[in-house]
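Engineer: As given, the protein sequences belong to chains P and B, one line each in that order.
Its first residue numbered 1, the first sequence is counted upward by one per residue in our numbering.
Its first residue numbered 1, the second sequence is counted upward by one per residue in our numbering.
Certain hints may be false.
One copy or two, it doesn't matter: identical chains are merged, so the pair holds either way.
[Stated by the list, open to error] Straight-line C-alpha distance at most 20 Å; calculated PhoX-like pairs for lysine-lysine:
#1 Lys-210 <-> Lys-295
#2 Lys-210 <-> Lys-244
#3 Lys-9 <-> Lys-295
#4 Lys-20 <-> Lys-210
#5 Lys-9 <-> Lys-167
#6 Lys-244 <-> Lys-20
#7 Lys-295 <-> Lys-326
It is worth saying that the hints were derived from the structure and are not from the lab.
2 protein chains.
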Amino acid sequence: MNIQHIQFKENQLVLLDQRKLPLAVEYITCTTPEEVAEAIRTLAVRGAPAIGIAAAYGMALGALLGRDPREVAALLGSTRPTAVNLFWAIERMLSVIETSAGAEAAVREAARIHQEDIAMNERIGAFGASLLEDGTAVLTHCNAGALATGGHGTALGVIRTAVRSGKHLTVFIDETRPLLQGARLTAWELQTENIPCYLITDSMAGYFMKQGQIEAVIVGADRIAANGDTANKIGTYSLAVLAKEHGIPFYVAAPSNSFDLSLGSGDHIVIEERNGAEVREIAGVATAPPQVPAKNPAFDVTPASYITAIISEMGVIRPPYEENIKLTLSGAKERMRHA
Amino acid sequence: MNIQHIQFKENQLVLLDQRKLPLAVEYITCTTPEEVAEAIRTLAVRGAPAIGIAAAYGMALGALLGRDPREVAALLGSTRPTAVNLFWAIERMLSVIETSAGAEAAVREAARIHQEDIAMNERIGAFGASLLEDGTAVLTHCNAGALATGGHGTALGVIRTAVRSGKHLTVFIDETRPLLQGARLTAWELQTENIPCYLITDSMAGYFMKQGQIEAVIVGADRIAANGDTANKIGTYSLAVLAKEHGIPFYVAAPSNSFDLSLGSGDHIVIEERNGAEVREIAGVATAPPQVPAKNPAFDVTPASYITAIISEMGVIRPPYEENIKLTLSGAKERMRHA
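Isolated chain P (complex conformation) (with noise of 0.2 Å):
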């Protein structure tokens, strides 16, 4: 990916609009806390860790207008609701900005973040290629790419680092209704890099799990509770369902940051629920009576029971989930308070 898709430069956000991809490749800038806010709000910027880099220099412009720092953390923090990383670069970047005199310091903090995020997917890539043999023919959903972080990816950085180190990999795509991150930013990344893939709709999975051409499954997250529940976009439990009947593994992506240990399990995690109108209709074209009632929960959440592994930075972590994330996120932090 030689797009770059959050760039901060001359005290300005400059974000690639994913709402318009493929059909388009257009920037927004944003110069306000406010207009950050935008962009997350309406999926110009989309994706857990991304979303938190985005938040983190909307941190960083609030800083170089001399907004309140509490303010600026309590309207990033209500954009959307279920990806934890959003909280999690809104603390980090709070605590820098109070505890610094200058904005130049916190505009470092949200780069270090969005630095810190790349290395941290490039090493979910090395982990998670491990896993996956060559031949294999993997299934992912939504958009866990380089477009969902920033940079490399979660899920699709696995498949991207697997395919660099030479493994011959075919990846099955969900669309990913309603809003298609799939189609339009999947498909897209992968095209872009010439790895072997096939779009599918959402309902296709199972035939293909039950045909044998699907053989592994790995997805992102936007949270990951202390017992392994895993919440991402909505579909991901269907998937993981269908894995289980298939004895096919399925496989989370993420880095230690979409993890909320202070949930003890995924009950506790806030699903958003957005409006029904994008479940009516697809990129603007009416698909159906305009008056019928449509449910739209943007996220569900995967039991940890039917999750083979999670693959984080600092490591593939597996059941007992309880135990191993606690283990494996807590030497994270004894390593990184010896680097």
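Dock chain B against chain P, hints included.
Structural biologist: Using the frame of chain P, we list chain B on its own:
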């Protein structure tokens, strides 16, 4: 449903163009078997029983035009491979045309197939309604409604009959990508009759089952093998797996002419593969990079082991299917002989 979507009058077949629904109510007129074949191939008319009825009228048009019935049968039989009703109707018309002198007899036979289908749906509705308790929330996929049949519907026929008998049902409608028969047709039918419903994307079914908000699944069928394996719209199999995982009953509603006792199992059912462009676009609007390869199987096969019961016009068939399908359908023939 007061809309007459299949009408034969003044030696013309008038079809409601289902590709245009729900945004426009337009009709197309067929005066030749070729026009009927084109309407079936391009999904102006769709749904296994409706395809059979349209093909029957296509055979009648051929007879009126003095065409070779075998050639007309081959033409109509080449349109779509999965729905067995198509071949059943063509065979039945062929035996009438080849043993009778007049084209009028062919027209009468097609009208009889049409009327019989409506009567079968009413009986399916009556048998199936007894399976749905008052207050049940039921999920349906694709459109197995009045539009997919001669009238009333199979899966939606069960829902209609239950509602008319005073039961309060809530219907979750899978939008059914790629061609959105759920969003376009089922939502339209239910809205027309004020039956409470929610439109969801195909990826949401598992989420709502896990929440306890979906308590039963009911679908139609394009072909049912002798052992109960059922071909239906792509995505049906995934729903069956999800229903099993959540302990939710999974019902198939179909008339006896949807059974193909010549096939020992669903492994022998030919699955229609349609153009990948249908997956890359929605209502003519591109939703993916134009060059990305897409797969587009139009149907899948649900193994009988996932099916709680099959509701036919001869009664509710339960496992063991191999035995009970034969018993029920031969009972059907007995009774028809005595009628």
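Engineer: Now, for every hint given, state plainly whether the structure supports it.
Structural biologist: Evaluated hints:
1. Lys-210 <-> Lys-295: between (29 Å within a copy, 15 Å between copies)
2. Lys-210 <-> Lys-244: both (12 Å within a copy, 16 Å between copies)
3. Lys-9 <-> Lys-295: Neither, since 40 Å and 42 Å both go past 20 Å.
4. Lys-20 <-> Lys-210: neither (34 Å within a copy, 33 Å between copies)
5. Lys-9 <-> Lys-167: neither (37 Å within a copy, 63 Å between copies)
6. Lys-244 <-> Lys-20: neither (35 Å within a copy, 39 Å between copies)
7. Lys-295 <-> Lys-326: neither (36 Å within a copy, 41 Å between copies)
Comparing the model with each earlier hint shows violations of hints 3, 4, 5, 6 and 7; every other hint is respected.
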